[in-house]
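Asker: What follows is each chain in one-letter form.
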Amino acid sequence: MTPMVDLAFLLVTFFMLTTKFAPEEAVVVDTPSSVSEIKLPDTNIITITVDKEDRVFFGVDGQGTKEALLDKMGTKYGVSFTEEERKTFSLLTNFGVPVNQLKSYLAMEPADRKNVNQPGIPVDSARNELGDWVHQTRLTNPKVVIAIKGDVDVSYPTVKRVMDTLQDRKINRFNLITDMENRPTNL
Amino acid sequence: MAEIQEKADSGKGGKKRAKKMSVHLDMTPMVDLAFLLLTFFMLTTTFSKPQTMEINMPVKPDTEDEQIALKASNAMTIVLGENDRVYYYFGLGDPAENPEVQTTDYSANGIRKVLISPQVRGNEKMTVLVKPMEGSRYKNVVDILDELKITDTNRFAIVEMNDNDKQLIQDITGQ
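As given, the protein sequences belong to chains A and B, one line each in that order. Under the working numbering, the first residue of the first sequence carries the number 1, and numbering increases by one thereafter. Under the working numbering, the first residue of the second sequence carries the number 1, and numbering increases by one thereafter.
Be aware that one or more of the hints could be misleading.
Claimed, not checked - Straight-line distance between alpha carbons at most 30 Å, and here's what the computed DSBU-like set of lysine-lysine pairs gives:
| no. | chain 1 | residue 1 | chain 2 | residue 2 |
| --- | --- | --- | --- | --- |
| 1 | A | Lys-160 | B | Lys-113 |
| 2 | A | Lys-114 | B | Lys-149 |
| 3 | A | Lys-20 | A | Lys-76 |
| 4 | A | Lys-143 | A | Lys-170 |
| 5 | A | Lys-160 | B | Lys-20 |
| 6 | B | Lys-71 | A | Lys-52 |
| 7 | B | Lys-20 | A | Lys-170 |
What the hints assert, rightly or not - Across the chosen pairs, the derived CB separations fall in these ranges:
| no. | chain 1 | residue 1 | chain 2 | residue 2 | range |
| --- | --- | --- | --- | --- | --- |
| 8 | B | Ala-108 | A | Phe-14 | 34 to 42 Å |
| 9 | B | Asn-123 | A | Gly-64 | 45 to 53 Å |
| 10 | B | Lys-20 | A | Thr-18 | 38 to 46 Å |
As the list claims (entries may be wrong) - Over 10 Å on every C-beta distance to chain B, these chain A residues come out as not near it, computed from the model:
| no. | residue |
| --- | --- |
| 11 | Phe-9 |
| 12 | Thr-18 |
| 13 | Glu-24 |
| 14 | Pro-32 |
| 15 | Gly-74 |
| 16 | Ser-80 |
| 17 | Glu-85 |
| 18 | Pro-98 |
| 19 | Ser-104 |
| 20 | Val-123 |
| 21 | Asp-124 |
| 22 | Gly-131 |
| 23 | Asp-153 |
| 24 | Ser-155 |
If you're looking for bench data, these hints aren't it; they were derived computationally from the structure. Computed from a predicted model, the values in this text were never measured in an experiment. Built from N, CA and C at the ideal position, the CB exists for glycine as well.
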């Protein structure tokens, strides 16, 4: 029995050390599949999630980046955030509320925050907050790469608006997050 | 539980030896726990990092003059329609040329066959213009980019529908 137990503990240790819990996201999206084999880097990414109700969510990694970003956006939109709100914000994976509702969203209890219906970040030409978020993030952390994670059923005009927003900010290279698919061997 | 078994003294020999003790430890609960943890971590772990598809959009030109005109003979247009339909035609969609619009789908025998046909493959300068319609889904765009990648078509661009395209599609769908 001892060798088996040894092996079992070895495996437990291995899985304990390698496992990384998937971060909690505001929405679940079903991404389309592609044969592309490029992997997304682990750090310095902005994830723009578009769910099937055409709502846009913004997320960036790095707690320091997020705190600095919130300050900049607060200054730009004339909203001031308390230390506690900054802390809460730095722990969010992504969010989909306009800046003027962000304060009340951050003040919620974590359980309520999960249940609340987020309207999505405005990307209209009249009020394009997504562009500001991306722009300010790039000023905070110039190394970021941008990834768009769209649901299979998102209508094209929404994705187009997001892409146009990025292009208006002179970002012409970005990533589309997809699932794996086998490359057909015979053509 | 741990228990110590003492060997019964045989009484023979008479030599005073340190009593041999064998410690017997019941490991079953520990093993149970170990396997429970093992199962838990095995099931929760995610090895797959998300795949991505990198796209480079063309830089928006400041003026119209900076754009290079595309010859109609080197152009192919793919229109992504509603309900996962694909329309394609060769040329730039000038109504005077009366391009022949075909309908196909995203399957292996659909648009892929067209993209590997000699008409596309044989022409090095062939540029594929992808025009997603208002009613198309995001999946369609990713699918077509994927097909272009599979067929190794490097010259392509995502562009907006113009009125000629709309007219051509309307003619074929009869709406």
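Asker: Could you run down the list of hints and mark each one as holding or not?
Answerer: Verification of the hints:
no.: 1; hint: A:Lys-160 x B:Lys-113; in the structure: 27 Å, holds
no.: 2; hint: A:Lys-114 x B:Lys-149; in the structure: 39 Å, violated
no.: 3; hint: A:Lys-20 x A:Lys-76; in the structure: 35 Å, violated
no.: 4; hint: A:Lys-143 x A:Lys-170; in the structure: 15 Å, holds
no.: 5; hint: A:Lys-160 x B:Lys-20; in the structure: 81 Å, violated
no.: 6; hint: B:Lys-71 x A:Lys-52; in the structure: 38 Å, violated
no.: 7; hint: B:Lys-20 x A:Lys-170; in the structure: 81 Å, violated
no.: 8; hint: B:Ala-108 x A:Phe-14: 34 to 42 Å; in the structure: 39 Å, holds
no.: 9; hint: B:Asn-123 x A:Gly-64: 45 to 53 Å; in the structure: 51 Å, holds
no.: 10; hint: B:Lys-20 x A:Thr-18: 38 to 46 Å; in the structure: 44 Å, holds
no.: 11; hint: Phe-9; in the structure: 6 Å, violated
no.: 12; hint: Thr-18; in the structure: 6 Å, violated
no.: 13; hint: Glu-24; in the structure: 14 Å, holds
no.: 14; hint: Pro-32; in the structure: 4 Å, violated
no.: 15; hint: Gly-74; in the structure: 30 Å, holds
no.: 16; hint: Ser-80; in the structure: 35 Å, holds
no.: 17; hint: Glu-85; in the structure: 29 Å, holds
no.: 18; hint: Pro-98; in the structure: 23 Å, holds
no.: 19; hint: Ser-104; in the structure: 31 Å, holds
no.: 20; hint: Val-123; in the structure: 14 Å, holds
no.: 21; hint: Asp-124; in the structure: 16 Å, holds
no.: 22; hint: Gly-131; in the structure: 14 Å, holds
no.: 23; hint: Asp-153; in the structure: 6 Å, violated
no.: 24; hint: Ser-155; in the structure: 6 Å, violated
The structure does not agree with the numbered hints 2, 3, 5, 6, 7, 11, 12, 14, 23, 24 stated previously, though it agrees with the rest.
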